[in-house]
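Can you build the whole structure from these sequences, using the hints too?
Each chain, letter by letter, is given below.
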Amino acid sequence: MSRGRCSLGKWLGLGLLAVVLGGVGGLVWFGAWYYPALGLAGIPKSGYRQALDTAARGMTASDGLVFEDFDFSKFREVARGGEAYAWGAARCKAADGSTTFYWVYLEWSKKRGQWLRNYSLELAAPDDEIYFTRLVPGQLGRAGMAAGKLLGQLGSRLREAAAGRPAGQDRQGLQSPGL
Amino acid sequence: MKWPLSRETVVRVLLIVALGGTLYKGFLKTPEAASHLTPKAFFDGLVNDGENTAIMKERHRDVLEATDKAVRVRLDELRSGVYKPAPGSLVSEASLTRAIRKDEATRARAEDDVLRADEKLERARRLEAAGWRMGLFGCTPAGEGRP
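Protein chains in written order, with the working numbering: chain A, 1 to 179; chain B, 1 to 147.
Bear in mind the hints are in silico, worked out from the structure with no lab data behind them. Treat the hints loosely; a few may be bogus.
[To be verified] Straight line, CA to CA, 27 Å or less: simulated DSSO-like cross-link-like pairs of lysine-lysine:
| # | chain 1 | residue 1 | chain 2 | residue 2 |
| --- | --- | --- | --- | --- |
| 1 | A | Lys149 | B | Lys84 |
| 2 | A | Lys45 | A | Lys74 |
| 3 | B | Lys69 | A | Lys149 |
| 4 | B | Lys40 | B | Lys25 |
| 5 | A | Lys110 | B | Lys40 |
| 6 | B | Lys102 | A | Lys74 |
| 7 | A | Lys110 | B | Lys25 |
| 8 | B | Lys102 | B | Lys57 |
| 9 | A | Lys93 | A | Lys74 |
| 10 | A | Lys93 | B | Lys84 |
| 11 | B | Lys29 | B | Lys120 |
| 12 | B | Lys29 | A | Lys110 |
| 13 | A | Lys110 | B | Lys57 |
| 14 | B | Lys40 | A | Lys45 |
| 15 | A | Lys149 | B | Lys102 |
| 16 | A | Lys110 | B | Lys120 |
| 17 | B | Lys57 | B | Lys69 |
| 18 | B | Lys102 | B | Lys84 |
| 19 | A | Lys111 | B | Lys57 |
| 20 | A | Lys45 | B | Lys57 |
| 21 | A | Lys93 | B | Lys69 |
| 22 | A | Lys111 | B | Lys40 |
| 23 | B | Lys120 | A | Lys74 |
| 24 | B | Lys25 | A | Lys111 |
| 25 | B | Lys120 | B | Lys57 |
The structure displayed is predicted, hence computed values, not measured ones.
Written out as structure tokens, the structure reads:
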């Protein structure tokens, strides 16, 4: 009797552990492998404009923003070593008609031979730390906003991944002019 | 020594070999060894590091400039009534004005970082052009090779 309970508890514990490990593994796989590469495969290093455009459209659309154009964009590569970087600020319209800038940053992956999304986010978003003062918001408020920001970004990326597949194929070769 | 070797002796020998290998590889990474034995790889690494740092610092300055613009545009649109912060939002005319000042202070430092990174890259290139090698017995007074 007691042996049965014990093994049941063991199996439940193992199951829980597997679920937790699977969840963490899934998050790492999505955030570090799948999402950064989404829709950017096959674009050469010199095709950074197309890569920036694809990434910017996907990121901003999943945040409910309408991408207009890049305010500026840059491409930098090292003369020795093969690293390359592309970044820029995308000008977008929010639903209420206000202007929003979105920072898009891509890195060339030597290992995978393609552009990958990197640190990208809405600039001066309402939950940006730039509005904080020493006392407002308080510690709990800060923690809450940070957690909300992380979860919001995760949600937005998951939406982009869910929407990105078919939409990304339609967008091939549909670059915004004047980049 | 008795044959066959005891397990402890084998483990001991393997450990000593591994330690020796680690020491040797570490020695090859020091500027004293690398600049003399593998100067091309040494300077490639130095210049590559300088280039990547310079690009990173430029990007950090750019993101602050873009943030400055985003905040200014938001302030304009708040004043003209296009942008309406949600109730309880941290965004207000006061916080936006403060954000511009904050960004200015951070940018001053970022501009310095760009200069410093450019100097670092230039220095790596200059050292390579001068055929610099790390001194084995103390540093040269200037600490740099002179062309």
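Right, here's what the structure says about each hint:
Only pairs whose Cα atoms come within 27 Å are accepted, and A:Lys149 paired with B:Lys84 is accepted, the gap being roughly 20 Å. A threshold of 27 Å between alpha carbons decides the hint, and for A:Lys45 with A:Lys74 the separation of about 13 Å falls inside it, so the pair holds. As the CA atoms of B:Lys69 and A:Lys149 are separated by approximately 22 Å, the hinted pair is consistent with the 27 Å bound. Restraint check for B:Lys40 and B:Lys25: the C-alpha separation of about 17 Å stays at or below 27 Å, so the hint holds.
A distance of roughly 21 Å separates the Cα atoms of A:Lys110 and B:Lys40; the hinted pair therefore holds under the 27 Å criterion. Only pairs whose Cα atoms come within 27 Å are accepted, and B:Lys102 paired with A:Lys74 is accepted, the gap being roughly 25 Å. Taking the CA atoms of A:Lys110 and B:Lys25, the gap is near 25 Å; set against the 27 Å cutoff, the hint holds. Of the supplied pair hints, the one linking B:Lys102 and B:Lys57 holds, its CA atoms being roughly 18 Å apart against a limit of 27 Å.
Distance check on the hinted pair: A:Lys93 and A:Lys74 sit about 22 Å apart at the alpha-carbon level, within 27 Å; holds. Simply put, A:Lys93 and B:Lys84 have alpha-carbon atoms about 14 Å apart, close enough for the 27 Å limit, and the pair holds. Note on B:Lys29 and B:Lys120: the hinted pairing holds, with a Cα-Cα distance of about 20 Å set against a maximum of 27 Å. Taking the CA atoms of B:Lys29 and A:Lys110, the gap is near 23 Å; set against the 27 Å cutoff, the hint holds.
The straight-line distance between the Cα atoms of A:Lys110 and B:Lys57 is roughly 21 Å, inside the 27 Å bound, and the hint therefore holds. Pair hint B:Lys40 plus A:Lys45 holds up; C-alpha atoms about 26 Å apart against a cutoff of 27 Å. Pair hint A:Lys149 plus B:Lys102 holds up; C-alpha atoms about 21 Å apart against a cutoff of 27 Å. Annotation: proposed proximity of A:Lys110 to B:Lys120 holds, straight-line Cα distance about 24 Å (limit 27 Å).
About 19 Å separates the Cα atoms of B:Lys57 and B:Lys69, which keeps this hinted pair within 27 Å; it holds. The suggested pairing of B:Lys102 with B:Lys84 holds, with an alpha-carbon distance near 22 Å, which does not exceed 27 Å. Proposed proximity of A:Lys111 and B:Lys57 is supported: the alpha carbons are some 24 Å apart, at most 27 Å. Annotation: proposed proximity of A:Lys45 to B:Lys57 holds, straight-line Cα distance about 21 Å (limit 27 Å).
Simply put, A:Lys93 and B:Lys69 have alpha-carbon atoms about 15 Å apart, close enough for the 27 Å limit, and the pair holds. Only pairs whose Cα atoms come within 27 Å are accepted, and A:Lys111 paired with B:Lys40 is accepted, the gap being roughly 23 Å. Our distance criterion of 27 Å between C-alpha atoms is met by B:Lys120 and A:Lys74, whose separation comes to about 22 Å. For the given pair, B:Lys25 sits about 24 Å from A:Lys111 by alpha-carbon distance, which is consistent with the 27 Å threshold.
Taking the CA atoms of B:Lys120 and B:Lys57, the gap is about 12 Å. The hint holds against a cut of 27 Å.
Comparing the model with each earlier hint shows no violations; every hint is respected.
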